[in-house]
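Number of protein chains: 2
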Amino acid sequence: MGFIEKSCVEFSDALASKAAVPGGGGASALVGALGAALGSMVCNLTIGKKAYREVEEDVKGILSKTESLRSRMLELVERDAVVFEPLSKAYGIKAETPEEKEAKDALMEQALRNASTVPVDIVRVAWDCLELLDDLAEKGSKLAISDVGVGALFCKAALLGGRFNVMINTEMMKDREYASRVDAEVDGIVQRGSALADTITRKVERRIKKS
Amino acid sequence: MGFIEKSCVEFSDALASKAAVPGGGGASALVGALGAALGSMVCNLTIGKKAYREVEEDVKGILSKTESLRSRMLELVERDAVVFEPLSKAYGIKAETPEEKEAKDALMEQALRNASTVPVDIVRVAWDCLELLDDLAEKGSKLAISDVGVGALFCKAALLGGRFNVMINTEMMKDREYASRVDAEVDGIVQRGSALADTITRKVERRIKKS
Numbered sequence: 001m002g003f004i005e006k007s008c009v010e011f012s013d014a015l016a017s018k019a020a021v022p023g024g025g026g027a028s029a030l031v032g033a034l035g036a037a038l039g040s041m042v043c044n045l046t047i048g049k050k051a052y053r054e055v056e057e058d059v060k061g062i063l064s065k066t067e068s069l070r071s072r073m074l075e076l077v078e079r080d081a082v083v084f085e086p087l088s089k090a091y092g093i094k095a096e097t098p099e100e101k102e103a104k105d106a107l108m109e110q111a112l113r114n115a116s117t118v119p120v121d122i123v124r125v126a127w128d129c130l131e132l133l134d135d136l137a138e139k140g141s142k143l144a145i146s147d148v149g150v151g152a153l154f155c156k157a158a159l160l161g162g163r164f165n166v167m168i169n170t171e172m173m174k175d176r177e178y179a180s181r182v183d184a185e186v187d188g189i190v191q192r193g194s195a196l197a198d199t200i201t202r203k204v205e206r207r208i209k210k211s
Numbered sequence: 212m213g214f215i216e217k218s219c220v221e222f223s224d225a226l227a228s229k230a231a232v233p234g235g236g237g238a239s240a241l242v243g244a245l246g247a248a249l250g251s252m253v254c255n256l257t258i259g260k261k262a263y264r265e266v267e268e269d270v271k272g273i274l275s276k277t278e279s280l281r282s283r284m285l286e287l288v289e290r291d292a293v294v295f296e297p298l299s300k301a302y303g304i305k306a307e308t309p310e311e312k313e314a315k316d317a318l319m320e321q322a323l324r325n326a327s328t329v330p331v332d333i334v335r336v337a338w339d340c341l342e343l344l345d346d347l348a349e350k351g352s353k354l355a356i357s358d359v360g361v362g363a364l365f366c367k368a369a370l371l372g373g374r375f376n377v378m379i380n381t382e383m384m385k386d387r388e389y390a391s392r393v394d395a396e397v398d399g400i401v402q403r404g405s406a407l408a409d410t411i412t413r414k415v416e417r418r419i420k421k422s
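Sequences listed follow chains A and B, in order. Each residue of the first sequence is one higher than the last, beginning at 1 in this note's numbering. Each residue of the second sequence is one higher than the last, beginning at 212 in this note's numbering.
Where hints are given, some of them may not hold.
[Claimed, not checked] Okay, derived cross-link-like pairs now, DMTMM-like style, lysine to aspartate or glutamate, Cα gap no bigger than 20 Å in a straight line: (1) A:Lys209 / A:Glu99; (2) A:Lys65 / B:Glu349; (3) A:Lys18 / B:Glu349; (4) B:Lys353 / A:Glu185; (5) B:Lys350 / B:Glu221; (6) B:Lys420 / A:Glu138; (7) B:Lys420 / A:Asp175.
[What the hints assert, rightly or not] Simulated DEER-style distance windows between Cβ atoms: (8) B:Tyr389 / A:Ser194: 19 to 25 Å; (9) A:Ala103 / B:Arg413: 48 to 54 Å; (10) B:Ile304 / A:Lys142: 47 to 53 Å; (11) A:Glu57 / B:Glu382: 29 to 35 Å; (12) A:Gln191 / B:Glu307: 51 to 57 Å; (13) A:Lys210 / B:Lys229: 30 to 36 Å; (14) A:Glu5 / B:Asp409: 33 to 39 Å; (15) B:Glu268 / A:Val82: 32 to 38 Å; (16) B:Glu216 / A:Arg176: 27 to 33 Å; (17) B:Lys300 / A:Gly188: 34 to 40 Å; (18) B:Gly259 / A:Ser194: 35 to 41 Å.
Keep in mind the hints are simulated off the structure, nothing from the lab. From the three backbone atoms N, C-alpha and C, an ideal C-beta is built for every residue, glycine too.
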């Protein structure tokens with residue numbers, strides 16, 4: 001059974017345990033999925049309402065995107081567990097002779113690359129969600145505006161949580177050039193995404209206080 | 212069946228739908244529970260390890276607290292749905308005569324007070340979690356240090372998400388003195404908690420880069 005099929009209580013039990021997975025990467029993807037879900041909820045509460053008829057087509061377009069990002073985030077919860085296993089195994093390999101050490105290093109390097117792809121994707125998908133939430137901060141129903149704000153908070157947590165999980169992999173890579181390239185891409189998205197999330201929460205706060 | 216007994220996929224489906232609950236308040240409590248769970252995980256990965264024998268008793272003490280806060284956060288997911296129902300009903304009451312309007316206002320005011328208690332508790336519990344995570348940023352195993360950072364990100368999201376859900380209730384209260392008192396308490400905790408979360412993530416970043 002996949003982790004996302006577990007109940008919320010069971011998932012939090014598994015997260016709290018010392019088991020290798022789920023960890024902070026998979027949990028970040030789940031929080032990102034909840035952020036995307038809040039975006040979808042706001043769309044669903046806006047579509048069909050007279051006061052928002054002018055933006056209805058836009059909001060329908062946003063909904064199909066938040067739903068697809070929600071699915072991707074849920075998939076990333078599972079994928080994070082899948083890529084962690086080979087890394088965890090490579091860690092455990094005994095290497096004594098120089099040849100064994102070299103073989104272990106090569107395995108580790110590959111496993112670190114694979115393991116980092118998932119949190120990199122979490123960061124990318126969280127950024128995509130934030131762009132949609134920014135649109136919803138203006139077009140979404142006022143009655144659900146706080147949920148746009150909460151969605152942005154979740155996506156920011158997923159974004160920064162993804163970054164931590166990229167970092168723990170890139171920090172250990174021997175190929176420093178490759179590691180720096182990954183870090184630079186992620187840091188760029190995180191900087192923009194973090195600023196956008198803050199812009200969204202400020203917009204939401206203003207709309208709550210005006211209503 | 213309670214919301215926390217639903218699978219992660221089902222919870223995110225329910226959140227994405229236009230159904231009144233779960234909403235951003237309950238989702239914030241769930242994210243807070245995941246933050247507390249990450250704290251517990253770090254404790255579980257630290258306890259029993261030779262390198263951390265000196266702090267083992269402290270970490271055991273932290274674990275019993277993170278576990279109790281995790282339970283409280285999970286309860287708040289359910290309670291948020293329970294207190295929202297009477298508010299949603301009060302909204303829907305038809306009131307035409309001055310007497311009916313007065314009765315509806317009184318019902319609304321009480322329902323708003325009740326509904327705000329849950330996000331206020333989410334804010335308080337998220338703060339308690341952050342204090343424990345701050346301790347773990349120094350005492351927790353270096354191998355799980357990124358999870359302390361992700362836990363702090365989640366608790367910050369729960370803290371600020373709780374605040375949005377307090378605001379949407381207090382903004383509508385007629386008793387402005389009561390509303391201001393609630394807002395002031397929450398804003399105080401949020402300011403301290405937000406700053407503490409940022410301190411934790413900076414500490415974690417330094418420990419990742421040093422390792």
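Going through the hints against the structure:
1. A:Lys209 / A:Glu99: violated (66 Å)
2. A:Lys65 / B:Glu349: violated (41 Å)
3. A:Lys18 / B:Glu349: Roughly 19 Å separates the two Cα atoms, so the pair holds.
4. B:Lys353 / A:Glu185: Given that 20 Å is the threshold and the Cα spacing comes to 25 Å, the pair is violated.
5. B:Lys350 / B:Glu221: Between lysine 350 of chain B and glutamate 221 of chain B the Cα gap is close to 36 Å, so the pair fails against 20 Å, i.e. violated.
6. B:Lys420 / A:Glu138: Violated - the C-alpha atoms of glutamate 138 of chain A and lysine 420 of chain B are around 39 Å apart, more than 20 Å.
7. B:Lys420 / A:Asp175: Roughly 16 Å separates the two Cα atoms, so the pair holds.
8. B:Tyr389 / A:Ser194: 19 to 25 Å: violated (35 Å)
9. A:Ala103 / B:Arg413: 48 to 54 Å: violated (38 Å)
10. B:Ile304 / A:Lys142: 47 to 53 Å: violated (21 Å)
11. A:Glu57 / B:Glu382: 29 to 35 Å: Taking Cβ atoms as reference, glutamate 57 of chain A and glutamate 382 of chain B lie about 30 Å apart, which means the hint holds.
12. A:Gln191 / B:Glu307: 51 to 57 Å: Given about 54 Å between the Cβ atoms, the range holds.
13. A:Lys210 / B:Lys229: 30 to 36 Å: Between lysine 210 of chain A and lysine 229 of chain B, where Cβ atoms are some 24 Å apart, the hint is violated.
14. A:Glu5 / B:Asp409: 33 to 39 Å: Taking Cβ atoms as reference, glutamate 5 of chain A and aspartate 409 of chain B lie about 35 Å apart, which means the hint holds.
15. B:Glu268 / A:Val82: 32 to 38 Å: holds (37 Å)
16. B:Glu216 / A:Arg176: 27 to 33 Å: For glutamate 216 of chain B and arginine 176 of chain A the Cβ distance comes to about 47 Å; the hint is violated.
17. B:Lys300 / A:Gly188: 34 to 40 Å: violated (48 Å)
18. B:Gly259 / A:Ser194: 35 to 41 Å: holds (37 Å)
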